[in-house]
Amino acid sequence: MEDKPRVFKAISPDNRGTQRLNEEEWRIQMEPIGFLFLTAWPVVNMRLRCKTKGNEYPSGVPNHTSMVLEFKITKWDLEGVTEGKNKPSEFRLSMEGVLYPDRRKGGRSRIKGHFHMSISFAPPPMLALVPPHVHRDVTQAVMKNMADSMQHKVRNNLLADYAKFKKETPKNP
Numbered sequence: 001m002e003d004k005p006r007v008f009k010a011i012s013p014d015n016r017g018t019q020r021l022n023e024e025e026w027r028i029q030m031e032p033i034g035f036l037f038l039t040a041w042p043v044v045n046m047r048l049r050c051k052t053k054g055n056e057y058p059s060g061v062p063n064h065t066s067m068v069l070e071f072k073i074t075k076w077d078l079e080g081v082t083e084g085k086n087k088p089s090e091f092r093l094s095m096e097g098v099l100y101p102d103r104r105k106g107g108r109s110r111i112k113g114h115f116h117m118s119i120s121f122a123p124p125p126m127l128a129l130v131p132p133h134v135h136r137d138v139t140q141a142v143m144k145n146m147a148d149s150m151q152h153k154v155r156n157n158l159l160a161d162y163a164k165f166k167k168e169t170p171k172n173p
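Sequential numbering of the sequence shown, starting at 1, is according to our numbering.
No wet-lab data here; the hints were simulated from the structure. None of the values given here were measured: they were computed from a predicted structure. Beta carbons: idealized from backbone N, C-alpha and C, even for Gly. Some hints here could point you the wrong way.
In silico BS3-like links for lysine-lysine, alpha-carbon gap of 27 Å or less [stated by the list, open to error]:
no., residue 1, residue 2
1, Lys51, Lys9
2, Lys75, Lys166
3, Lys105, Lys144
So the derived label-pair ranges between C-beta atoms look like this [claimed, not checked]:
no., residue 1, residue 2, range
4, Phe165, Arg49, 45 to 51 Å
5, Thr52, Glu168, 36 to 42 Å
6, Asp3, His133, 42 to 48 Å
7, Gly80, Met117, 26 to 32 Å
8, Ser118, Glu31, 16 to 22 Å
9, Gln151, Arg49, 30 to 36 Å
10, Gly34, Ser66, 24 to 30 Å
11, Leu21, Asn145, 41 to 47 Å
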């Protein structure tokens, strides 16, 4: 987990549109979001930060945990719907979470984590004729699919990378 570029690559393997900004931050072009007949491409700056020895661990992480990898969206943009009648009157996106090793008796370990994502959206003026309950239902379905997809991809990619890491790492004799 100390290898932030490796962890980042594992949680965001589609490297198209991905750019490392500095030691802790990457810019990611996420999968497009479709809402009725509009499509937008969220672009986020994601910060990965390691914390060790129980210093400033987020709530819910045991203090005896050797290290925590925090991730947080620090900046975002919504490409594809930024002008005119297509532009939402409001769009906010936030996400933060943690990953950490959970060591078990007998030497077994696993990766645990959790994240919180919040999205608020006010439809653009061109959708004013669509009833509010349709906006709400479609938005909730789109956001649920996006969150489920992200969670599934992150979990599977981390597990696959961890298995690869274990094969690459020589065992101590």
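Evaluated hints:
| no. | hint | in the structure |
| --- | --- | --- |
| 1 | Lys51 to Lys9 | holds, 19 Å |
| 2 | Lys75 to Lys166 | violated, 34 Å |
| 3 | Lys105 to Lys144 | violated, 36 Å |
| 4 | Phe165 to Arg49: 45 to 51 Å | violated, 20 Å |
| 5 | Thr52 to Glu168: 36 to 42 Å | violated, 23 Å |
| 6 | Asp3 to His133: 42 to 48 Å | holds, 47 Å |
| 7 | Gly80 to Met117: 26 to 32 Å | violated, 20 Å |
| 8 | Ser118 to Glu31: 16 to 22 Å | holds, 18 Å |
| 9 | Gln151 to Arg49: 30 to 36 Å | violated, 21 Å |
| 10 | Gly34 to Ser66: 24 to 30 Å | violated, 41 Å |
| 11 | Leu21 to Asn145: 41 to 47 Å | violated, 28 Å |
Hint compliance for this structure: hints 2, 3, 4, 5, 7, 9, 10 and 11 are not met, and every other hint is.
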